[in-house]
Amino acid sequence: MTVVGLLAVVATQSDQPSPAPPAPHAPIVGDAFVGADCSTNPDAPECHFSIDGRPSTKPASVSKAVPANVSNVRICQDVPIFIPQVQHVVVAGGDSSGPERMTQQECTVNGRLVDTSLVFEPTDPVAPPVSAQQLAQHAYQALVMPRPDVGMSPEMDVPQLAGLPVWLWLKTGSWSPRSVTLTANGVTVTATATPRRVVWSMGDGTTETCSGPGIRFPEHPAGDGMTPSPSCGHTYRRTSATEPGGAFRATTTIVWRVDWTGFGPGGTFPDVESSTEFPVRVIEAAALVTNSR
Amino acid sequence: MVPSRLIASCAVVVASMTAGCSATGPNPVVKTVAPSGTSSQSSASAPTDQVSIDALNAYAGMLADTAVAARTADWKASVLTHHATDQALSELVRILSREQTQGLVSRGAPVSHARVVQVSSGTRPTAAMIEDCADTTSWAEVDPKTGRPPAGATPGGRRLIRARVAEADQVWRVTDLAINPIGSCS
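So the sequence lines, in the order shown, correspond to chains A and B.
Letter by letter, the first sequence follows residues 1 to 293 of my numbering.
Letter by letter, the second sequence follows residues 294 to 479 of my numbering.
Next up, chain A with everything else stripped away, as it sits in the complex (with noise of 0.2 Å):
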């Protein structure tokens, strides 16, 4: 993809329906960490984040695997990077070279990476203003999709009984639309995702596939256990003892849809994925079983 300098850009994310807060002026405190996202609200989505990343909108990157018989083989190639913040800073600070794409450019040899750069670029003086559709695409890349969040019962922490019903769901968060609204050049596009399914992959070969965020299960006196979810949920067949770890390694993933209006018919890009993986440890319980379904 080729990203456009911008003549002016103005981003904002937010978790519809409340928008984000415009960025406040950078309070003067004596180091260049003032400036970081999460030094003025550490509470923001996109200050959290796992050992397993972030979710995110940018496709896989391309596998760099060289064949065995082949050396010294140089792979480049050009990252864009889209920031919406500063290129606005550069606007904004007059910098007469005028609007510039930044590309991180990354070299392999045989798969190692050797070298890395910033290339910045002036973009053609001449060249048509931004399209909707490209502010779109910008739009889409900079979507940031939650982790899902998920409930479990019996929970995650215990161990699971096999034959018994298992409740699956999404805390409150993980399934509401996000969007991504930009400006350029008077033109104003918003790319909004939707949740449209969600993805269980239970680690024992099995996978459920519930149309939404499943039901919360409910404060069950004693003895109501053997009741499955009437909305997303997985029974195991067989422990995990034989696993590695002596847990299945289950994953969650949200697919969502991604569609962006605001100037001319808009469209629909290709859907996203966002997802979490959890272990889950399964164990015999004899009498369950022989009383389940």
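There is no bait here: all hints are sound.
As a list, the in silico EDC-like pairs of lysine to aspartate or glutamate whose alpha-carbon atoms are at most 20 Å apart: (1) B:Lys-369 to A:Asp-37; (2) A:Lys-171 to A:Glu-46; (3) A:Lys-171 to A:Glu-273; (4) A:Lys-171 to A:Asp-43; (5) B:Lys-369 to A:Asp-78; (6) B:Lys-369 to A:Glu-100; (7) B:Lys-369 to A:Glu-121; (8) A:Lys-171 to A:Asp-157; (9) A:Lys-171 to A:Asp-149; (10) B:Lys-369 to A:Asp-115; (11) A:Lys-171 to A:Glu-155; (12) A:Lys-171 to A:Glu-277; (13) A:Lys-171 to A:Glu-208; (14) B:Lys-438 to B:Asp-367.
Partial chain B-side listing against chain A, Cβ under 10 Å, derived: (15) Ala-366; (16) Glu-384; (17) Val-386; (18) Thr-430; (19) Leu-453.
Source of the hints: derived by calculation from the structure; they are not laboratory data.
We put the beta carbon where it would ideally sit given N, CA and C, even for glycine.
With chain A's structure known, arrange chain B on it following the hints.
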């Protein structure tokens, strides 16, 4: 100097590092000022030891690169890409862009007390989480014309920095950064 065996934590000064380090060059010279006193992960296996070393080296390199680029508030400096990518790179570019816009530069360097708090699972871990109660007291923003902090500036302090470091194409780089306000750790 970095101990050759496991370092699950280290305290470094990045001021002595040079601008010339690259993604493939030797690891930057990291001056250890004091043992951090944090307990090391004695139960860690050998691959995890190496992951901790690689991750801490990448993190220290990222801080050093940032300190170098901040001397001129050069947000276009390619050195930023040597130990940072993805969101972390964008964050550093933003930080320095803000500094340049305000007409400031940075002198000195932060003092890091980074430690690895988590290593990804598997026999060959490819990601680690780092927490650093970094001290920026000796990393002041100054007006390059006067060499002094701008009027009204307050001293730096301790900031909790959380970082994710991951290996890609056989090189460890910081992929995610959350730099919290001054006073967020002690």
